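Peer 1: Same order as they appear, the protein sequences are chains S and Z.
When we follow my numbering, the leftmost residue of the first sequence carries the number 4, and every step to the right adds one.
When we follow my numbering, the leftmost residue of the second sequence carries the number 528, and every step to the right adds one.
None of these hints come from the bench; they were simulated from the model.
Worth double-checking, as some hints may not be accurate.
Over 12 Å on every C-beta distance to chain Z, these chain S residues come out as not near it, computed from the model [to be verified]:
#	residue
1	Ala54
2	Thr73
3	Ala75
4	Arg80
5	Asp94
6	Thr96
7	Asp99
8	Gly109
9	Asp215
One-sided excerpt, in silico: chain S residues whose CB lies under 7 Å from chain Z [unchecked claim]:
#	residue
10	Arg79
11	Thr88
12	Gly90
13	Arg106
14	Ala107
15	His163
Only a predicted model underlies this, so the values are computations on that prediction, with no experimental measurement involved.
Every residue gets a Cβ at the ideal spot worked out from N, C-alpha and C, and that includes glycine.
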Amino acid sequence: MEAAVHLRGAVCLLGGFPALAGVDLAVAPGEVLLLQGPNGAGKTTLLRLCAGLVPLSAGTGRVLGLDLRTEARAVRRRVGLLGHTTGLYEDLTVADNVRFWARAAGAPTEDASAAMARLGLDGRLRDVTVGRLSAGQRRRAAFAVLLARRPHVWLLDEPHAALDQDGRDAVDHLVRQAAASGVTVLLASHELDRAVAIADRVVDVAGGAVSDPEPAPAAPAEPSGTAPGTDPGTDADPAPETAPETARVP
Amino acid sequence: MFRDATLVAGKDLRLELRSRVTANQVAPFALLILILFAFALDPDRVVLDRVTPGLFWVATVLCALLAVQRACSVEHADGVLDALRLSGLEPAGIFLGKAAAVAVQLLVLEVLLGLGVVVLYGARLGGWLLLVPTALAATVGLAAAGCLYGMLAAGLRVRETLLPLLLLPALAPVLVAATQAFEAAFQGVAGEGLRWLGLLTVFAAGYTALGIGVFGVLLEDA
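Excised from the complex, chain Z in its bound form:
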């Protein structure tokens, strides 16, 4: 399973290196979101300061949506799904590989967004011991849930419009928990963010386990 996951993750990251969709489209989109919020809320700097963690994670969730759509759409072009079914790759390995590739791309985008909130919103990042594990757990959760719902929607004709409707409500716990944990980290009260980090860890572990268990069925029905 892990050999297959490594193979699929390598293939997906190579696809990104060749096509540069994340670099040329998703990353500018992420920065655009931050800039638009800055325009909308700049007159009230106090509000902007207070909502910075939430804006960071809203931007991340929207980027995750695009990354997941891209990750799933490449598997639907020109008979690739049939090729995957015939490949001998373990479905759990395919799921883990795709989720890992999405997670890597999201982590890069989060670094970019982090720089963005520092430059545009004047955020003072702190509480790294909480910030980093929160970002990692939230990213794994976003990637795992995203790939699961992405494949669930993949078999339907209206997948492009259906995926946001399915995925965004499912990602609400990540949005809330990651925002709360980041607020605690920014305010230097890391202890208060630990329970949110726990929720994120449970979410990530749950969706990863679910994906490993059911991805084969989704692959058959897609």
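Same shape as in the complex, but just chain S:
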């Protein structure tokens, strides 16, 4: 099976500084991978690279069969990134935000309501402007956006930050549920006990390099352009046309 995320010798230079220095990594569809390492190790850059938000300076990278150099825009539509910021409009309500980003991704607006409910954002909180929410509630709202957009790959940077116990449990549950439905999850966290419990595999990130105890599978000789779950040997059209831009998480 082709890896959902496959990096080989990936180098990322940010302002001339090698934030990633030759990363080899393969993540299988439906796998939850924990990236652990100290501050400044390159975890956030690695997640942003997989989202197509920072350029690949050298090496190769494919996400869902799509080339990070030439098909970054298609990659972006299929991944969801929960970073240190929320990506929410402060003057819009929670419901406005979740509905807007869901519609932008082409997901049904009913999913927005369901996503808010699953993050405990139903009732009064839906109609509160984001600027009036606590940090934890904003984090829940940002996670609801991610859920409503239905991406195939979740890139989570400190997803437990600012959340209370219920919120952390909800995030853990959603991550496992998403993985069970075939969504690939890359997770960077300093809350190792909790993160290790939901991860299928743990890799160390240090100095922009990744130590993966399990060797990455060989990359396909020719870019297949197929999405996870499709057989590279079939006559399927290239991924940008055939791979749905949203995934279904039960």
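Put chain Z on the given structure of chain S with help from the hints.
Peer 2: Coordinates of chain Z only, in the frame set by chain S:
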């Protein structure tokens, strides 16, 4: 592209409805400009009569500056730009949506300013067949150029102070052409204003096309 534009325009107008920045801050600012000019020029009513079209458009351009700054700043708060890049929205659609939302707000402000010049300056509005298309073309031009330069300045740390320096010279043709067309309309010689209306239409179409073409690059660099 047009689906995305509608979505973004709806979001920006909803933002205005929730925050009421234009209603509570920009609109009073516009009226304040008219009042200050009235104080400064009132002793010489002849001068005030003659410069009314110019004052109207100076006030409109300054309001456009504020509206554009607001429209671009909301996209820079708390990781929204990254979210936009990941959203799947077409950059051209984002540009058109933002420009449309700014244009709607400017049109409302222009109606308010129109009432202002009638009440404060005693202006007699006429030549509606020239006045209305001039206002529409100028507004589209202001909104399109504003959103383009707003996003251009958005990636820089000094965007708040840089935007007026970039935008105001670029809007000078709108100021001149719209003022001339309004003067012609007020004087009842609409035919003389048509060439200025043509210039405004070319300006609006040019900046709209440019924005559709390059907004994706600006979004990446912001």
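Peer 1: State for each hint whether it applies.
Peer 2: Hint check:
no. : hint   : result
1   : Ala54  : violated, 6 Å
2   : Thr73  : holds, 15 Å
3   : Ala75  : violated, 9 Å
4   : Arg80  : violated, 4 Å
5   : Asp94  : violated, 4 Å
6   : Thr96  : violated, 7 Å
7   : Asp99  : violated, 6 Å
8   : Gly109 : violated, 7 Å
9   : Asp215 : holds, 26 Å
10  : Arg79  : holds, 5 Å
11  : Thr88  : holds, 3 Å
12  : Gly90  : holds, 3 Å
13  : Arg106 : holds, 6 Å
14  : Ala107 : holds, 4 Å
15  : His163 : violated, 18 Å
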